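> In case you want the letters, here they are:
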Amino acid sequence: MYRYDEFDAEFVRQRVAQFRDQVARRLAGELTEDEFKPLRLRNGVYLQLHAYMLRIAIPYGTLAPRQLRKLAHIARTYDRGTGHFTTRQNLQFNWPRLSDIPDILDELADVEMHAIQTSGNCIRNVTADHFAGAAADEVADPRPYAEIIRQWSSLHPEFSWLPRKFKIGVTAAEHDRAAIQTHDIGLHLKRLSDGRLGFAVWVGGGQGRSPFLAKLIRDNLPEADLLSYLEAVLRVYNLYGRRDNIYKARIKILVHEVGAEAFAAQVEDEWRHIRDGALKLPPAEIDRIDAYFAPPPFDTKPPAAALRMPDRAFDRWVTRNTHAHKQPGYAIVTISLKPIGGIPGDASAEQMDAIADLAERYSFDEVRVSHEQNLVLPHVRLGDLWAVYSALKAIGLAEGNAGLVTDIIACPGLDYCALANARSIPIAQRISERLSARQDEIGDLKIKISGCINACGHHHVGHIGILGVEKRGEELYQLLLGGSGAEDAALATIAGPGFGPEGIVDAVEKVVDTYLELRAGPQEPFLAAYRRLGATPFKDALYAAA
Amino acid sequence: MSKRTPSISVLTANRLHDGIVVFLGAEGDWVEDIEGALVARSPEEAQELQAQGACDAASNLVVEPYLAEVREIGGRLVPVRQRERVRVDGPSILGDVPGYVAPAPSARAAPRRNPLPANEEGAPLTEAA
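Keeping their order, the protein sequence lines are chains H and C. The first sequence begins at 1 in the working numbering and counts up by one. The second sequence begins at 1001 in the working numbering and counts up by one.
Looking at chain C on its own, in the form it has when it is part of the complex:
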């Protein structure tokens, strides 16, 4: 048995019009919360996510999509790299930024397009727990 937790991944990018971090979600939309991200558990599923990301980048919904390795810890998705954890959590020092005003919840609907294709067994790709 491998000592290493099997790696799983999500597809992340920045939204084109405002640059905000997003994840490819279950409905084929791009969501701001990693907990709504589709999770690829095999190289084949990862390839499907990447293909969808390339399609959405070409459609100018998002910029520079890429796979981020995650682990499931306590029922949550936690990126493996510190860099990705910061992207998920936001700047670690926001509470100390002088005059910082958090944005109101986005009034703009996340970019949507057709749902992802089903996998070989006909089931949709898995969503994060």
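The following block holds chain H by itself, in its conformation from the complex:
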């Protein structure tokens, strides 16, 4: 994985020192909250319902064991023993004291981590396919390009004060695990018609109050032109994006209002001027970054098949939580952070330490964070699966439910978030408990829950989406059906009137029961059945008695 050079290290240390001074001035009363707020947000510090929250960047979701151990140490020393992995592949601490945050950032800098650009109207942490560099179905590892984008976008002087935040996601497989069509820019690394690597560029996706799927504006961008083209997109957005209305400031609104074709034409016009300038990526530079992501020294003669034990739970786990690896004899392991009835994305300090140990011993020192709020061991020998499973079982994280109905995405919601209108986590917990006994029968089904219209829980692209709102001071939940964040991306539609906190769990179960009753067979997953049947039978089941 990427290692800081002297410039990176010095830059991060300087930022910590600057923020330490800013915090001291705030606590001494030399800065008002209005003056301090933009400074803390630039360093990932929010003020939430109950306390400050620190959001730490995990670039393209890649972590080393020493970094995960550091996060565990911070959880123990400065927080309350737990961290929360987010849908942006970041980690959030929910209880840091403002006065401790400079020390936390110094500790993070010790392991080449920071919280810069995890908030604010700038280019945020770049996300990527969590199976990158390991997946059998990718054309190449997309992370070197994500790292190149990270370096280009960090403190970019022209794009530090954009109309609104800006998110870039990268994938290199036809099966989109990075949800690129929901990003401001989604990049699909692929082979171009001439056989060289290049990108399909999707622009203007996003969820929130006004959800849009991204539009394809260029299908054949050579890799050498990646940064100049991104620069052109950002320039057009920076120039024409609205700054008078926060709800219309994202690039998705601009692309929607001017049309993808006209937007693309403006980008091409801008790009013409800068294409062959300083941002042209030399092959040597791509190779230099690529070398940081070289494949690990795989065992070339591992066992040919997974070691199956006479244990049904292990077999389930192998079936659901392992994925095809590009190296024969290896598997990608998903560590579900969704124990039945648990809190999606939460991990204790002890669990983080244990997973760091597993990564060192069994996965060539690598851990990944997925946007689905799970962790991943990307390179596990098939012969080691039983040992990994057994170790995960000992820390309560061996649920074989990846992609099943209990593998729920949920934002922190009203339990923590100052923006939220309703709780998300308890709804996820109750649904998980209600449907766990039938999850194998139900099969692939993605439930995504947001506690407000900002859609951090990706409810717009859930097969079943849930949006928490406030009505007369109380929580109410809207049910959405038919969304997808994958290559067959679609926005879910609202089924009808909302439900209370108890009723929403019953409603989800009714949708599931209707699916089980009407599906063509177990081979027809929920989304396929919904697309074949349409919304009517599900609405009928939900609202028949009303």
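Heads up, a few of these hints could be off.
Counterexamples of contact, computed for chain C against chain H with all Cβ distances above 12 Å [claimed, not checked]:
| hint | residue |
| --- | --- |
| 1 | I1008 |
| 2 | D1033 |
| 3 | E1044 |
| 4 | R1076 |
Okay, the calculated bits of chain H under chain C, using three or more residues with CB under 8 Å as the criterion [said to hold, decoys possible]:
| hint | segment |
| --- | --- |
| 5 | 50 to 63 |
| 6 | 405 to 418 |
| 7 | 466 to 479 |
The set of hints was computed from the structure by calculation and includes no laboratory data. These numbers come from a predicted model, not from an experiment. For glycine and all other residues, C-beta sits at the position ideal for the given N, C-alpha and C.
Guided by the hints, dock chain C onto chain H, whose structure is given.
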């Protein structure tokens, strides 16, 4: 007679140095327990609370003070909005957070300043029951 219980309010904010939820208390200090909060029962009293909150925000004791509507139910103060009830009670799922360690009682004294001014009748503003 109005069908609606007359609204009363307390002043709440987050403490500057650690962000913890606090309420403006009877002694002019900021307390973590809503039961120690001063209660405004009229628009005038609410204005006084807000004025004090603005003063304490300017003095960097607390951040973003605002009035939260409450009801007195069974002798206790219960916020009207679910959002405020969560702020008072803490996250509803703490018992399920893996590895969660509750903090020791705060060793740091709550920020204090001069007591609130008396109201027009010379009596101190009412404290929660």
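> Would you mind marking each hint as holding or not holding in the structure?
Verification of the hints:
no. : hint       : in the structure
1   : I1008      : holds, 15 Å
2   : D1033      : holds, 14 Å
3   : E1044      : holds, 24 Å
4   : R1076      : holds, 17 Å
5   : 50 to 63   : holds (count 3)
6   : 405 to 418 : holds (count 3)
7   : 466 to 479 : holds (count 4)
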